[in-house]
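Engineer: This is what each chain is made of:
There are 2 protein chains.
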Amino acid sequence: MARHYVTIKDIAKILNISVSTVSRALRDTYDVNQETKEKVLALAAELNYKPNFNATGLAKGSTHNLGVILPFITNYYFSTVITGIQEVAYNNGYNIILFVTNDSPERELAIMENLSVSSLDGLLVSISSDSDSCSHFQEIVDEGIPVVFFDRVASEIDTSKVMQDDYNGAFEAVTHLIENGYKKIAHIAGPKGLSFTEARLRGYLDALKQHNIEPNEDWVVYSGFSQEHGEADTRQLLQLQHQPDAIFAVNDRKAIGAMLTLKNKGIKVGEEFGVIGFTNDPMSTIISPSLSTIAEPAFEIGKLSCELLIKHITKKYFHAEEIVLPGKLIARESSSRKN
Amino acid sequence: MARHYVTIKDIAKILNISVSTVSRALRDTYDVNQETKEKVLALAAELNYKPNFNATGLAKGSTHNLGVILPFITNYYFSTVITGIQEVAYNNGYNIILFVTNDSPERELAIMENLSVSSLDGLLVSISSDSDSCSHFQEIVDEGIPVVFFDRVASEIDTSKVMQDDYNGAFEAVTHLIENGYKKIAHIAGPKGLSFTEARLRGYLDALKQHNIEPNEDWVVYSGFSQEHGEADTRQLLQLQHQPDAIFAVNDRKAIGAMLTLKNKGIKVGEEFGVIGFTNDPMSTIISPSLSTIAEPAFEIGKLSCELLIKHITKKYFHAEEIVLPGKLIARESSSRKN
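First to last, the sequence lines map onto chains R and H. Numbering-wise (the working numbering), the first sequence opens with residue 1 and increments by one. Numbering-wise (the working numbering), the second sequence opens with residue 1 and increments by one.
Derived by calculation from the structure, the hints in this document are not laboratory data. Built from N, CA and C at the ideal position, the CB exists for glycine as well. A couple of the hints might just be wrong.
[To be verified] Per label pair, the in silico range of CB-to-CB distance:
| # | chain 1 | residue 1 | chain 2 | residue 2 | range |
| --- | --- | --- | --- | --- | --- |
| 1 | R | Q239 | H | I267 | 35 to 41 Å |
| 2 | R | N216 | H | T314 | 43 to 49 Å |
| 3 | R | K9 | H | S155 | 36 to 42 Å |
| 4 | H | P326 | R | L329 | 42 to 48 Å |
| 5 | R | K311 | H | H64 | 24 to 30 Å |
[To be verified] Quick look at which bits of chain R chain H covers, simulated, 3 or more residues with Cβ under 8 Å:
| # | segment |
| --- | --- |
| 6 | 16 to 27 |
| 7 | 308 to 318 |
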């Protein structure tokens, strides 16, 4: 028969308190009252509870390995974030262990299940679309392992997070199109349910509302993040009887797909049809006309995430922080004033 | 006084044989004669020699961590190589520990000096331009740690290497320009001394020679790998009294820099001036006119390098292999027949 090891869940159940309270009591953090702490420690001793990491490793933050879990590395945004992470890690004597989920919830789950937490001091995570791993991340956080989410965050998990301001970036992008004479603005969005794509959608809708423009349901298309998705979404929009005169794309790759499709149809981008993206991928300066966009602070996001993680690892009483970095409108040719 | 640990260099010196022979004797490889092996083992025992990695880790290939040392991750080529490495590592239960040198020989050296080899089963390496670390890599190989070089290889070190066929790719690119009517072909090259840029230069020169075209020294410009380098190199070429009518660029980013500069000067790319690059970066399809190039098998290079490394780790008598993968000419608009 398999031996059952006592977990913090067992302790929480017996004492009828939350797993997170048990976790905080065991870690001796500031926000648990003394009585609860003593109860937890007494029961843990009685049941011979052992944390699921070895004492020489994670508990003391001494492996000097940081795990990074993220969907992709071949795109500009994520490779720039990793470069920021890597700079801070290197300067502080940490190694980066890289786990790429290919944006697959199954792969992400498999990585989480096989994660050797004893060889890591902490984790930096950007979740995959449709992530199934939130309970796994919660377990790891409950065990006292420092976790910082960046960009694609699991909002329900109480730990530090670093994001860009997706809502205001989208609001600014759409306002810019409106101010340049475009009034029939479509949005080619990301998949439903991902928090940052929802925030960009809300920014789009609120910018329309603020300018008394009625949103049109047909003009919001949800799909993936690739250039090909941008092409397909745009073909779909161009088949509508009532067509838009501008597109706000959830990222630059989709915006570039939109521009290539529009150019193929002989539609003049930046004259009769406005396009704006989100990222500031170097491709946006190379396509002609050049692509307007909201620049994301990718390097900064990597840098700050890693700095926060190291604070979680090295400071006993470090509060979780949520940092939201502003984007920046970069107006180029694709959103020039409508003729 | 600091204690001096016996190293394989000491053993080599005393026995007056090479470090690499000592290393092979200690690892019990096939290519050391029995007498030498016995001498080495006897002396190692006498001097109480201990390998500089712990026995539970590297020696048995049981950390399941692979180190990857490379110049950049923000460019398409390297991020695609890592994706290939990551796929094979994941499927074989290995983690990737990432070290980015920023193409700086000093950073590379610092990484090598601080490398905790006891936490690695092996290393995948693409050296930086002007690498100063060859002796460090040699030491690591001598200690019996599996190392595979990819793309930017240290040619003097005897271990497995995976490269693309830079010479033939360049030869094919330049031949293609010649066949399309361009005869005054310049080469905007990488830095001097890096083996793959030297190979591309030789391919360029031999293609000219084969078509009885006299090379012109002024038409070969050495610099870095960025788009900005491509722009500066092209401006330099356009200031010559005797100007070229085509450019073969060492990579796509430099080719794109060249195209943007030519377009700015009102020179019609793909009509009066031919351009071809090397990589097949997705940007090459987005710029207009689209960029002809030699497609590099980046994912395949990552995949094969990692497969080779795992063979080195798991097979006692695995011979070093050198694999050269062919590139593929992709003719697009920037090298269309000269008007």
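Engineer: Next step is simple, just say for each hint if it's right about the structure.
Structural biologist: Do the hints match the structure? See the list:
1. Evaluation of the 35 to 41 Å hint for Q239/R and I267/H yields a pass: the beta carbon distance comes to about 39 Å.
2. Checking the proposed 43 to 49 Å range against N216/R and T314/H shows it is violated: the Cβ atoms sit about 59 Å from each other.
3. Range check, K9/R to S155/H: about 56 Å between beta-carbon atoms, so the 36 to 42 Å window is missed.
4. A C-beta distance of roughly 45 Å is found between P326/H and L329/R, which places it inside the suggested range of 42 to 48 Å.
5. Roughly 29 Å separates the CB atoms of K311/R and H64/H, a value that falls within the hinted 24 to 30 Å.
6. Proximity of the segment 16 to 27 of chain R to chain H, defined as three or more residues with a beta carbon under 8 Å from a beta carbon of that chain, is not established by the 0 residues found.
7. With a cut-off of 8 Å between beta carbons, the segment 308 to 318 of chain R has 0 residues touching chain H; three or more are needed, and the interface restraint is violated.
Violated hints, in rising order: 2, 3, 6 and 7; the structure is consistent with all others.
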